[in-house]
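S.K.: Turn these sequences into a full structure, and let the hints guide you.
Each chain is listed here by its residues.
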Amino acid sequence: MAHYPEPVARLIEALQRLPGIGPKTAQRLTFFLLKRPAEEVRELSEALVAVKDRIVYCQTCFNVTDEDPCRICRDPGRDARLICVVEEPNDLLAMERTGEFRGRYHVLLGALSPLDGIGPEDLKVRELLARLDAGAGTAEVILATNPNVEGEATALYLAKLLRPLGVKVTRIARGLPVGGDLEYADQVTLSKALEGRREIS
Amino acid sequence: MALGKSAAVVIGSFPLGESDRVVTFFSRQHGKVRGVARAARRIKSKFGGALELLTLGELIFFDTGRSDLVRVDHFDVLRPFDRVREDLERLGQAAWMAECVGRLTAERDPNVAVYGLLLRGLKSLEAGVPPQRVAVVFGVRLVDALGHRLRVDACVGCGRRDAFGGAPLTMDVEAGGLVCAACASAVPGLLRLQSGSVAALRRLRGQAWDEAVGTQLGGAEGELRQLLDRQVALLIGQPTRTSRFVREMERFSGERG
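Same order as they appear, the protein sequences are chains A and B.
Just so you know, our numbering puts 134 at position 130 of the first sequence, and the rest follows in order with no gaps.
Just so you know, our numbering puts 326 at position 200 of the second sequence, and the rest follows in order with no gaps.
Watch out, some of these pointers could steer you wrong.
[As the list claims (entries may be wrong)] Short derived list, chain A residues pointing at chain B, Cβ under 8 angstroms:
id, residue
1, Phe35
2, Asp95
3, Leu119
4, Gly123
5, Val153
6, Glu156
7, Lys164
8, Ala189
Calculated directly from the structure, the hints in this document are not laboratory data.
Keep in mind that this is a model prediction, so the values were computed, not measured.
Note that the Cβ used here is the ideal one computed from N, Cα and C, for glycine as well.
M.R.: What follows is the structure, encoded as structure tokens:
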């Protein structure tokens with residue numbers, strides 16, 4: 005990058021550190037920004053700084069928020085006895101979009117991953133235990149981690165950890181996606197769907 | 127554009143871009159192959175749950191020749207090994223086996239012995255053989271198959287065959303085998319092994335797979351696992367990432383009884 009002016013090279017390098025952005029995309033974004041009006045670029049840089057300055061993790065559920073505790077933890081209309089455990093703040097947003105869940109959340113900020121060397125100490129597991137110990141009368145913990153190796157391992161670990169505490173632990177269902185065709189389902193997904201079948205009332 | 131086809135085991139993956147996944151396979155015909163599975167992270171992906179870690183399947187890929195990464199076209203599940211993933215200790219040891227294969231082999235270097243070894247290891251884990259024993263039997267055979275066998279018949283320092291009078295014995299992994307007391311005194315931090323562990327290592331090398339995983343190793347199991355961890359760490363230049371997970375899960379299972 006020796007042939008680029010220093011500020012351009014710096015921006016390309018900074019953009020390259022973002023996930024999913026390689027050298028070519030970083031160059032394309034940099035030259036796109038160079039062509040945009042100065043005001044628009046300033047707005048973008050201010051938005052980036054504001055995110056870092058004003059957004060914190062809620063110290064109860066570890067969702068991202070601009071006020072601690074977050075809007076969901078403060079809401080008296082939500083059932084505090086139900087805790088839905090998710091991996092990332094994006095998963096919480098996905099659950100909220102369903103409009104079905106009226107309890108509270110706990111964001112682990114990751115999942116157990118043997119191949120990445122991520123263990124329970126790297127997640128907000130201790131904080132979840134502290135929440136349950138605090139005597140809020142939790143009736144059910146719903147494990148809504150991803151249905152992949154990491155998410156399943158996390159759910160398995162949490163189930164073993166939480167059951168002795170006498171709290172009901174449930175796992176979200178796994179199986180066929182709505183609108184999918186059975187004939188195209190792989191055998192793992194199909195066997196999980198069969199395992200989780202339930203009686204139609 | 128060349129079409130490749132082989133039975134293969136998923137030994138790793140990481141997300142790429144919005145919804146793609148880079149998957150590492152260890153295949154029978156082509157050895158280690160890395161490929162991009164387009165849209166694999168979408169709920170309605172054609173790959174479904176097929177690309178999960180440790181799944182054995184029939185891989186079909188296109189090699190454009192322009193990149194190290196192939197394009198994964200199909201991966202039809204032959205055996206999901208899902209029971210291995212449903213237990214944290216089994217998962218940890220299986221992930222360690224997958225990491226060892228992934229990091230100790232080069233891309234596109236077929237090795238049917240290593241492929242067979244990985245399958246035997248996964249089958250034994252699924253059959254309920256104690257996970258650490260499977261990992262030890264697997265590890266001993268893997269380093270042998272890849273040409274890293276440690277010498278246990280003579281001192282690798284001075285070459286003497288009658289140098290190991292008393293227990294415990296000393297292993298110099300970097301030098302490639304056991305060292306006598308005189309040679310060991312010159313090198314700090316060497317691994318001490320009970321003579322029973324060295325005998326178990328010799329025995330494991332000669333036994334058939336089923337016989338090896340069917341034999342209890344007692345105290346040798348932990349020592350040999352420690353030896354393998356040290357040897358693999360030396361070969362790849364750093365400790366395996368899975369070792370920490372394995373230790374934490376063993377401790378957790380121990381606490382839960």
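S.K.: Give a verdict on every hint.
M.R.: Status of the hints after comparison with the structure:
1. Phe35: violated (20 angstroms)
2. Asp95: With a closest approach of 13 angstroms, the A/Asp95 hint is violated.
3. Leu119: Holds. Min distance 5 angstroms.
4. Gly123: holds (4 angstroms)
5. Val153: Holds, about 5 angstroms.
6. Glu156: holds (6 angstroms)
7. Lys164: holds (6 angstroms)
8. Ala189: Holds. Min distance 6 angstroms.
Hint compliance for this structure: hints 1 and 2 are broken, all remaining hints hold.
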